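Numbering-wise (our numbering), the sequence shown opens with residue 1 and increments by one.
Source of the hints: derived by calculation from the structure; they are not laboratory data.
Treat the hints with care, as some may be off.
[Claimed, not checked] Here are the in silico distance ranges between beta carbons for each label pair:
1) H181 with D300: 43 to 51 Å
2) R14 with K322: 44 to 52 Å
3) E293 with K92: 49 to 57 Å
4) D39 with Q318: 39 to 47 Å
5) M373 with P307: 44 to 52 Å
6) G13 with A253: 32 to 40 Å
7) H223 with E26: 18 to 26 Å
8) T214 with W238: 20 to 28 Å
9) I152 with A234: 26 to 34 Å
10) I279 with V227: 43 to 51 Å
11) W238 with Q403: 47 to 55 Å
12) Y270 with K92: 33 to 41 Å
13) I389 with V81: 29 to 37 Å
14) R391 with Q38: 38 to 46 Å
Predicted, not measured: the structure shown is a model, and the values here were computed from it.
Backbone N, C-alpha and C fix where the C-beta goes; we use that ideal spot for every residue, glycine too.
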Amino acid sequence: MDTIKLGFVGLGGRGRGLLKLICEMEDVQILGICDLRQDLLDQGSEIFRETTGKTATTFQNYDEMLNVADIQGVVIATSWVSHIPLAIKAMKAGKYAAFEVGGATSIEECWRLVRTHEDTGVPCMMLENCCYGRTELALLNMIRQGAFGELIHMRGAYGHNLSESLINRIDDNHYRHHHYHHRNGDNYPTHALGPICNMLKINRGNRMTTLTATASKARGLHHRAQVNKGSDSAEAGWTWENGDVVTTVIKCAHGETISLTLDTCLPRPYSRQLYVQGIHGLYMEDGSQIYLENISPKYDEWEAFAPYLEKYDHPLWQWFAKAGVKGGHGGMDYLVLRSFVESIRDGRDTPIDAYDAAAWMSITCLSEQSVAMGSTPQPIPDFTNGRWIDRPADPTCRYSLDQIHDDLFAD
């Protein structure tokens with residue numbers, strides 16, 4: 001069994017969870033962990049010691065870690081604005097780069113990511129775990145088998161009440177609240193957009209062309225600050241720029257539309273609000289329900305999605321369930337990390353590539369521009385430079401998000 005040697009940077013809460021999961025993989029060796037903060041390095045080192053029984057090699061200088069010749073790939077779990085710069089450095093050092101989710105700050109940095117990949121030939125991958133959710137992959141399987149017919153409209157959201165953490169962690173060097181102070185757009189689009197783009201074959205025969213975005217007023221975080229910190233607190237007097245609900249509508253080259261919602265500042269249960277609509281029917285995440293014309297038992301009435309999940313369960317998830325689901329977020333974290341690790345092992349491109357990352361991340365700054373200009377339409381760059389029309393098929397692998405390879409799961 002080949003051992004894949006990785007470096008790891010970013011040891012906040014998310015990073016430490018991923019570090020533990022990677023350390024538990026028998027075919028992976030972590031040659032270095034890195035963070036600017038010594039307290040986080042200490043916490044990461046303890047996780048490393050508890051999981052592997054060894055002492056971690058630590059760095060506070062990312063460039064020094066990249067100089068370790070045997071490192072084949074780097075996992076980046078730092079703050080959003082550093083993902084692309086750190087990935088670019090890794091690729092220039094000849095190392096595969098995997099980075100956590102988050103939006104871009106400019107279109108130029110998206111282009112830099114793509115150009116670095118093209119100039120170096122080194123792959124990079126956004127670790128969009130929701131692309132490997134069981135429901136998302138079952139729906140991908142249904143779509144590839146034609147169950148919905150031609151796709152017409154998709155919806156998705158990041159519906160997650162973050163007001164408590166945004167207000168209560170202000171003194172904890174929590175970078176996220178800075179985006180709500182100074183920006184106004186969809187700052188976290190990819191949990192919904194990633195799976196939708198896979199379903200619509202974006203960058204593989206289709207592409208996103210334009211968007212418009214509209215933001216509501218911003219009141220949720222002010223209210224939470226008053227409740228949690230008191231009306232006379234400094235936090236209660238702060239101004240928040242990001243609208244409580246941001247709606248972005250995207251048009252695709254073949255006429256499909258995508259509606260995205262950012263909803264993170266108001267009381268609500270968690271939901272990514274996935275919605276798939278085609279000529280033959282539709283699926284809706286809220287309520288886990290589906291309706292397919294001439295198949296659903298009652299005319300124009302929803303039915304439970306559970307039987308369809310069983311019937312169309314993606315072979316990757318059938319294998320995963322049989323082997324034993326592991327990792328956070330219901331197993332998605334494990335699958336997306338294995339996708340990256342096995343891409344390095346096999347010397348191939350990653351299922352979520354530089355073009356995908358650039359396109360998905362660009363929605364943040366483009367939605368911001370649209371909101372600032374009164375919901376004016378914004379063109380979405382073609383980061384493939386026309387190759388989306390007839391790109392070669394993705395590498396054949398179990399983790400492909402383009403094609404489904406049942407034969408790779410034969411016992």
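Results of checking the hints against the structure:
1. H181 with D300: 43 to 51 Å: holds, 46 Å
2. R14 with K322: 44 to 52 Å: Since the Cβ atoms of R14 and K322 sit about 28 Å apart, the hinted range of 44 to 52 Å is violated.
3. E293 with K92: 49 to 57 Å: Holds, since E293 and K92 (Cβ atoms, about 52 Å apart) stay within the stated range.
4. D39 with Q318: 39 to 47 Å: The hinted range 39 to 47 Å holds for D39 and Q318, with Cβ atoms some 42 Å apart.
5. M373 with P307: 44 to 52 Å: holds, 46 Å
6. G13 with A253: 32 to 40 Å: Given range 32 to 40 Å: holds, Cβ gap about 39 Å.
7. H223 with E26: 18 to 26 Å: About 49 Å separates the Cβ atoms of H223 and E26, which means 18 to 26 Å is violated.
8. T214 with W238: 20 to 28 Å: holds, 23 Å
9. I152 with A234: 26 to 34 Å: violated, 49 Å
10. I279 with V227: 43 to 51 Å: About 47 Å separates the Cβ atoms of I279 and V227, which means 43 to 51 Å holds.
11. W238 with Q403: 47 to 55 Å: Hint holds: Cβ distance 49 Å, inside 47 to 55 Å.
12. Y270 with K92: 33 to 41 Å: At 38 Å between Cβs, range holds.
13. I389 with V81: 29 to 37 Å: Taking Cβ atoms as reference, I389 and V81 lie about 32 Å apart, which means the hint holds.
14. R391 with Q38: 38 to 46 Å: holds, 45 Å
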